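Please dock the two separately framed chains into a single complex, following the hints provided.
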Amino acid sequence: MSQVHQQGGVYPPKEYVESAPMPANIPHVDEVGATSGPLKSASFFIGAYCKEYNEDFMLCKNENRDPAHCLKEGRKVTRCAIDLITKMRENCAQQFDAHWECLEKRNQEFYLCRKQERKLNSCMFEKLGLTKTIPGSPAGQPQIHEVQNPIYKPIQK
Amino acid sequence: MPPAGGFESIKYKRNLPFRGPGAYAILGGVTAICAYGFYRLGKGNLERRPKLEAEPSDDRELEREKMWSRIHLVPLLTAEGDRDQYRREQAALAREREIMKDVAGWEVSARGKGKWVMLTNPAGGEKRIPQPEIRDTGDSSPLSRLVYNEPVCFFL
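Taken in sequence, the protein lines are chains U and W.
Here the first sequence is numbered in my numbering, starting from 1 and rising by one per residue.
Here the second sequence is numbered in my numbering, starting from 1001 and rising by one per residue.
Straight-line distance between alpha carbons at most 30 Å, and here's what the computed DSSO-like set of lysine-lysine pairs gives:
{"id": "1", "chain 1": "U", "residue 1": "LYS87", "chain 2": "U", "residue 2": "LYS127"}
{"id": "2", "chain 1": "U", "residue 1": "LYS153", "chain 2": "W", "residue 2": "LYS1043"}
{"id": "3", "chain 1": "W", "residue 1": "LYS1043", "chain 2": "U", "residue 2": "LYS119"}
{"id": "4", "chain 1": "U", "residue 1": "LYS127", "chain 2": "U", "residue 2": "LYS76"}
{"id": "5", "chain 1": "U", "residue 1": "LYS105", "chain 2": "W", "residue 2": "LYS1043"}
{"id": "6", "chain 1": "U", "residue 1": "LYS51", "chain 2": "U", "residue 2": "LYS115"}
{"id": "7", "chain 1": "U", "residue 1": "LYS115", "chain 2": "U", "residue 2": "LYS153"}
{"id": "8", "chain 1": "U", "residue 1": "LYS105", "chain 2": "U", "residue 2": "LYS87"}
{"id": "9", "chain 1": "W", "residue 1": "LYS1043", "chain 2": "U", "residue 2": "LYS115"}
Have a look at the derived ranges for each label pair, beta carbon to beta carbon:
{"id": "10", "chain 1": "W", "residue 1": "GLN1085", "chain 2": "U", "residue 2": "GLY37", "range": "22 to 32 Å"}
{"id": "11", "chain 1": "W", "residue 1": "GLU1096", "chain 2": "U", "residue 2": "ASN25", "range": "13 to 23 Å"}
{"id": "12", "chain 1": "U", "residue 1": "GLU90", "chain 2": "W", "residue 2": "TYR1036", "range": "43 to 53 Å"}
{"id": "13", "chain 1": "W", "residue 1": "LYS1101", "chain 2": "U", "residue 2": "THR86", "range": "37 to 47 Å"}
{"id": "14", "chain 1": "W", "residue 1": "ALA1025", "chain 2": "U", "residue 2": "PRO142", "range": "35 to 45 Å"}
{"id": "15", "chain 1": "U", "residue 1": "TYR16", "chain 2": "W", "residue 2": "LEU1041", "range": "46 to 56 Å"}
No lab work stands behind these hints, which were simulated from the structure alone.
Computed from a predicted structure; not experimentally measured.
Idealized CB from N, CA, C, for every residue including glycine.
Okay, chain W solo, but in the shape it has when bound (with noise of 0.2 Å):
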């Protein structure tokens, strides 16, 4: 039998005060400080990030400082080099003047029958052959000889 005066009312109702922010709040806070985050990143992105194929309009400019800096140099360092291979070349041409000078006939020099080229991409593997009309294919020079590889610039 129940008591006298019936049961006690159960305890289940929230006995907690609420306190802090409420949940709107804390929702609306993340996603305030997401967007600001995202924001920072893109701006950051466009500053800094490399792109392979990048065109006039793209703009991220450390890149492209980067890119400037170098193409700056890029006529000082090629001088220097050139200079060393020439040195070098005509050093070897003096070497094999003096070593076969006395083999009738011979023509000093595999210079000058292949065509300089510049390879445009050094991924470009076809470009690497001279062009057949102009190459003497009885000439055993190495072909390294006749490919001058240029260092070059992969975001232009």
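In isolation and in its complexed conformation, chain U is listed as follows (with noise of 0.2 Å):
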């Protein structure tokens, strides 16, 4: 299939971009435009908050992986992505931002951002009532990110 192009190795050097538009029968929808920080930072509460959306999309997936046969379910679980994000920059802008910004410095581990991440779950939970489970997590002792002293922990404060 590839061709071997003499400056890219295997593949073309340069991207193929493809710019014809969405046909016009499917409605538009914006795309979520974050980049990998700020979604790691909001995926717990994504799961939490777009929970329908998301499990009525991986059931259509589970009928048929065309991607043609989703496409609603996947606007809607988009459309609730941006709109929980769109609420969280306008309750907890500071916390979250201070989160993901952490996250990108730290290696995008959670556990080295305990402190950001404790500040932005209050605050959710105060002002859009959306708490962090970990499901599966062993019941009756505290979940990993509100263990007061784990053994994971930044070496620098």
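Shown next, in the form of structure tokens:
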């Protein structure tokens, strides 16, 4: 399939960009546009806030892997995530920024950013009523992000 | 001959005071420090250690947190990727329709002739091939278009 090019190895030296727009019969939806840090910071709240849409989408994908099959459900998922991120930015912008910037600096490890994460979590609970819960955590013990003195913590304070 | 009164006694006995903790105290201390260290190590492993075939009963909390963080994002990322892929496919079909419009009896699109399969494991090579009874062997379209390769979470 792939040709061997002079400069780019087996890959074409320049990425092919498909410039054709989406067919007009597909309703437009904005993409989320957030990079990995903010998405990771918001992930558990996306999971909590958009649970129905996410599960609906994944059940739809389970029916058929064809990309065309679940476009409608996918738009709902994206709109919900955009809605959540907008709300986060309206209500907890400072804590959100602090947390994802910490994640960017600290190799995107949650355990290195607990201080910022606790502030974000409490803000999200107060303003939006969303809590971070990790499914499958052992019952009766604090979840890993709530442990006061964990073994793995940042060496630099 | 020995001197009068005999030889002096030979000084072989220890003439130094015993200082510091005794042997058993040192042994016990080292054992205690090691035991505490291994205890902390074990606790730390339960906190962190990734395990390839994790079971629900395994307590590996940091790994679990990472997994669920990713799992919550999968629908969002998949939806975005699907839209992009759909747009590209439609563009490719439009191109094909335009190019082949003069060929009589040309059926646009190899699409729908194969079955979309989800790879449960990227290493599972035999699953890459669409099911033979559905795949049209006369169809020369590349397999990669029929196989949709999804990011798979190894740790589930």
